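Participant: Build out the structure end to end from the sequences listed, making use of the hints.
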Amino acid sequence: MTTQPAVRLEGVTRSFGDLMAVNDISLDVQSGEIFGIIGPNGAGKTTTVNMICGMLRPSTGTVRTLGYDPIADERKLRQVLGVQFQEAELPGAITTQEALELYSSFYTNPHSWKELAEVWGISQKLNTRFEKLSGGQKQRLFICLALLNNPQLVVLDELTTGLDPNARRQSWELVKQIRDGGTTVVLVTHFMEEAEYLADRIALVNEGKIAALGTPAELTAQHSDRRTVTFTAPGFDALSLARIGHVSVSNDRVTIEGGKFLMAGVANALREMDIDPVDLSTEHTSLEDLFISLTGGTTMEEA
Amino acid sequence: MKGFFTLAKTEFKLFMREPAAMFFTLVFPLMLLFVFGSVFGNEPTDWMDNLGSVDVSVPGYMSMIIGTTAIMSIPIVISEYRNKGIFRRLRATPIHPLAIIGAQALIYLALTALGFVILYIAGKLVYDLMTPQRPLMLVLVLLISFLSMASLGFLIGAYFKTPRTASVVANIVYFPQIFLAGAAMPREIFSDTLRKWTEWLPMTQVTNLIKAAWWGESIDIWNLVYLVAVGAVCMIISTRIFRWE
Numbered sequence: 001m002t003t004q005p006a007v008r009l010e011g012v013t014r015s016f017g018d019l020m021a022v023n024d025i026s027l028d029v030q031s032g033e034i035f036g037i038i039g040p041n042g043a044g045k046t047t048t049v050n051m052i053c054g055m056l057r058p059s060t061g062t063v064r065t066l067g068y069d070p071i072a073d074e075r076k077l078r079q080v081l082g083v084q085f086q087e088a089e090l091p092g093a094i095t096t097q098e099a100l101e102l103y104s105s106f107y108t109n110p111h112s113w114k115e116l117a118e119v120w121g122i123s124q125k126l127n128t129r130f131e132k133l134s135g136g137q138k139q140r141l142f143i144c145l146a147l148l149n150n151p152q153l154v155v156l157d158e159l160t161t162g163l164d165p166n167a168r169r170q171s172w173e174l175v176k177q178i179r180d181g182g183t184t185v186v187l188v189t190h191f192m193e194e195a196e197y198l199a200d201r202i203a204l205v206n207e208g209k210i211a212a213l214g215t216p217a218e219l220t221a222q223h224s225d226r227r228t229v230t231f232t233a234p235g236f237d238a239l240s241l242a243r244i245g246h247v248s249v250s251n252d253r254v255t256i257e258g259g260k261f262l263m264a265g266v267a268n269a270l271r272e273m274d275i276d277p278v279d280l281s282t283e284h285t286s287l288e289d290l291f292i293s294l295t296g297g298t299t300m301e302e303a
Numbered sequence: 001m002k003g004f005f006t007l008a009k010t011e012f013k014l015f016m017r018e019p020a021a022m023f024f025t026l027v028f029p030l031m032l033l034f035v036f037g038s039v040f041g042n043e044p045t046d047w048m049d050n051l052g053s054v055d056v057s058v059p060g061y062m063s064m065i066i067g068t069t070a071i072m073s074i075p076i077v078i079s080e081y082r083n084k085g086i087f088r089r090l091r092a093t094p095i096h097p098l099a100i101i102g103a104q105a106l107i108y109l110a111l112t113a114l115g116f117v118i119l120y121i122a123g124k125l126v127y128d129l130m131t132p133q134r135p136l137m138l139v140l141v142l143l144i145s146f147l148s149m150a151s152l153g154f155l156i157g158a159y160f161k162t163p164r165t166a167s168v169v170a171n172i173v174y175f176p177q178i179f180l181a182g183a184a185m186p187r188e189i190f191s192d193t194l195r196k197w198t199e200w201l202p203m204t205q206v207t208n209l210i211k212a213a214w215w216g217e218s219i220d221i222w223n224l225v226y227l228v229a230v231g232a233v234c235m236i237i238s239t240r241i242f243r244w245e
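One line per chain: the protein sequences are X and A, in this order.
Per this note's numbering: the first sequence = residues 1 to 303.
Per this note's numbering: the second sequence = residues 1 to 245.
Hint data in this document are derived by calculation from the structure and do not stem from the laboratory.
Keep in mind that this is a model prediction, so the values were computed, not measured.
Check the hints yourself; a few may be wrong.
Negatives, chain X to chain A, calculated, CB over 10 angstroms [unchecked claim]:
#	residue
1	E101
2	S105
3	G121
4	A212
5	S281
Derived EDC-like pairs: lysine to aspartate or glutamate, alpha-carbon spacing no greater than 16 angstroms straight-line [what the hints assert, rightly or not]:
#	chain 1	residue 1	chain 2	residue 2
6	A	K13	X	E101
7	A	K84	X	D28
8	A	K9	X	E101
Glycine included, C-beta positions come from ideal geometry on N, C-alpha and C.
Facilitator: The structure is reproduced here in structure tokens:
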């Protein structure tokens, strides 16, 4: 068995003028895994992907993709790499079938485009022009184009943006199938839920650096000492719980954030005060919380 | 190579789905031919060196076809393909970058040639258009003219950031030349001053060269040098400033 990683980044930086888009990133993507890259807009995700794909030369550091130098061995890499870009289009007047045939012609041994169109549910749209396809259909066409060469590695940048929740779920299952077929997947996303569900390992990128790296379980465990309890209690004195955790009250809704045994502390205090809220609940730590704490408070939606 | 030809074939089909571009390349020159042909006919006249009106006009229409494909269509395609990420997607495949640009150049050359052939056949059949006196020289001159003007068009597409600006600039470069460089109307009818001032337009060289080759006159080497120089300068600047995305 080969132990060569599908992607290896060693001390990679990339600057545009004064802007340090990627600042000293090192990581390995293991062969056969789904590797998620998440982070707010402008974090350096797409710049990183561009360097992995050989579309961009790193300022310093080494990039190896499927063992190739993506710049020097660009043509060889393109035969075995599949890419679905966030910002790419096809000419408006090209039909689905023409696009599939065109992109098939670029590869020495392409996969049957008919079969891919079938699997990804666009075989009814073969004679439809690109400009007439829905956002989801365009997206699925791009995924088919990325898979035409039976790639060893496929990079999916914002795979499900523009898809409705149903189509998104379907795409997730298909991405798992891609991985199960032996293809390594690098998945760039700003949907935390997507990364949590799909990725075997995740790199959380912020301001050009890796803020956290690990399996979804490892990442949430890192921050599992954070607890949040909420309940409704009209006229509640916020100061009475100040020794237990950080209390905030809005519209009779009390939120207490704290560390270990917060739940027990709150329950005891409420018992003593003879308050019995019916809606007391606790929130578990999610990747979203981790993300917010690591990126300094910007949520994905705001970013 | 297979990818290159499939790309060229696909791009050709896409062009044929653009009614406006197709009209101005293939149909509009024919309209000019028939409108002015029906008004003036093609009887040889003394004051035009025993050439007919159609004989004098058609070489200009040929240079107009070159202008349409090279200066009008190419900048728009280049800037649009860059801005929409169409080049970006193509570049992520094994096709060579030169083949991506080459396929565009090839189809616009083919369209230009198609425009010539349609115009020539119509002129010959309907007005007994004069047969080119130096056919090989004419082909060579047309080819050089196309490449040079295509470089100018490529430069416009590479330099201006949005398809909208590129298209406006293309219009500004194209339309005055159509009227002042002897394409839509012969410069022979201009006043001496106007003729002198329009001497330096790149497309004037194109028109002069086509006429000379067509009518069997000797080629003015300065026309050729000037035209090649314009093309070379545009090509050199383009290759330095062109970005795929």
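Participant: Confirm or reject each hint.
Facilitator: Hint check:
1. The Cβ of E101 of chain X does not lie farther than 10 angstroms from every Cβ of chain A; its closest approach is about 7 angstroms, which violates its non-interface assignment.
2. A beta-carbon of chain A comes within 10 angstroms of the beta-carbon of S105 of chain X; the shortest separation is about 4 angstroms.
3. With 10 angstroms as the threshold on Cβ separation, the claim that G121 of chain X sits away from chain A holds: the shortest Cβ distance comes to roughly 21 angstroms.
4. Against the 10 angstroms criterion, A212 of chain X stays outside the reach of chain A, whose nearest CB is about 29 angstroms from its own CB.
5. In this structure S281 of chain X is separated from chain A by more than 10 angstroms, as the shortest Cβ-Cβ distance comes to about 45 angstroms.
6. Between K13 of chain A and E101 of chain X the alpha-carbon distance is near 13 angstroms, which keeps this suggested pair within the 16 angstroms criterion.
7. Between K84 of chain A and D28 of chain X the CA atoms are separated by roughly 32 angstroms; this puts the pair beyond 16 angstroms, and the hint is violated.
8. Between the alpha carbons of K9 of chain A and E101 of chain X the distance comes to roughly 11 angstroms, so the proposed pair stays at or under 16 angstroms and holds.
The structure shown violates the earlier hints numbered 1, 2, 7.
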